[in-house]
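Colleague: In case you want the letters, here they are:
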Amino acid sequence: AQKITQTQPGMFVQEKEAVTLDCTYDTSDQSYGLFWYKQPSSGEMIFLIYQGSYDEQNATEGRYSLNFQKARKSANLVISASQLGDSAMYFCAMREPLNDYKLSFGAGTTVTVRA
Amino acid sequence: DARVTQTPRHKVTEMGQEVTMRCQPILGHNTVFWYRQTMMQGLELLAYFRNRAPLDDSGMPKDRFSAEMPDATLATLKIQPSEPRDSAVYFCASGQGGYSNQPQHFGDGTRLSIL
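Protein chains in written order, with my numbering: chain A, 1 to 115; chain B, 1 to 115.
Just so you know, the hints here were simulated from the structure itself, not pulled from any lab data. Only a predicted model underlies this, so the values are computations on that prediction, with no experimental measurement involved. Yeah, the Cβ is synthetic: ideal placement off N, Cα and C, and Gly gets one too.
No more than 27 Å apart at the CA atoms, straight line, and that leaves these computed lysine-lysine pairs for DSS-like:
| hint | chain 1 | residue 1 | chain 2 | residue 2 |
| --- | --- | --- | --- | --- |
| 1 | A | 102 | A | 3 |
| 2 | B | 78 | B | 62 |
| 3 | B | 62 | A | 102 |
| 4 | A | 102 | A | 70 |
| 5 | B | 78 | A | 102 |
| 6 | A | 73 | A | 102 |
| 7 | A | 70 | A | 3 |
| 8 | B | 62 | B | 11 |
| 9 | A | 3 | B | 62 |
Per the computed footprint, the stretches of chain A lying under chain B, defined by three or more beta-carbons under 8 Å from a beta-carbon of chain B, are:
| hint | region |
| --- | --- |
| 10 | 31-43 |
| 11 | 47-61 |
| 12 | 96-106 |
Working from the sequences, and respecting the hints, build out all of it.
Modeller: Printed below as a string of structure tokens:
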């Protein structure tokens, strides 16, 4: 069964606008971690933001925020004030004890920011 | 900032040749992962180590791939003999095992082309 589902293969967003990338997950663990990574065209994988399953507040890191809805098992990434440099592939991932804390990745969403 | 270092960044070789990829994890990280990324399969976990011990290499073709960690500062992934279908980007990542709140940090990857 797919642990991480990203349903948007590609998205376009206008510069300076916000964009929301969807991520749903499946786990029976109570304690788990959710992560977002960015992969620009240069290829490196960059860690962006983390949300713990017990965190009551949504995580924020600069222009990135995570809209965590635990009951719905969703962890959407919001990028505010998009910049051209935000054009990249974005991966949602999860670590859980039942999976020996390995990262399970979604298929990714490609974001293209238009000037 | 501490970084995971991978060498080489690019490798082009002919089918049948041995390929060795190296990874220096972030100092203090006790878990090292090897991933392969292709357009068709996305990110696949090949193998991982904790405290230098191999924990899972079920994602790796055993007949031609081998992964080792001769010391805490070096992990290697070897392909012998290489085949065109091994062409991919290979990532090494390191992190703290046993915690769901710790991200994995990725190296820049090795772009491998087998002709």
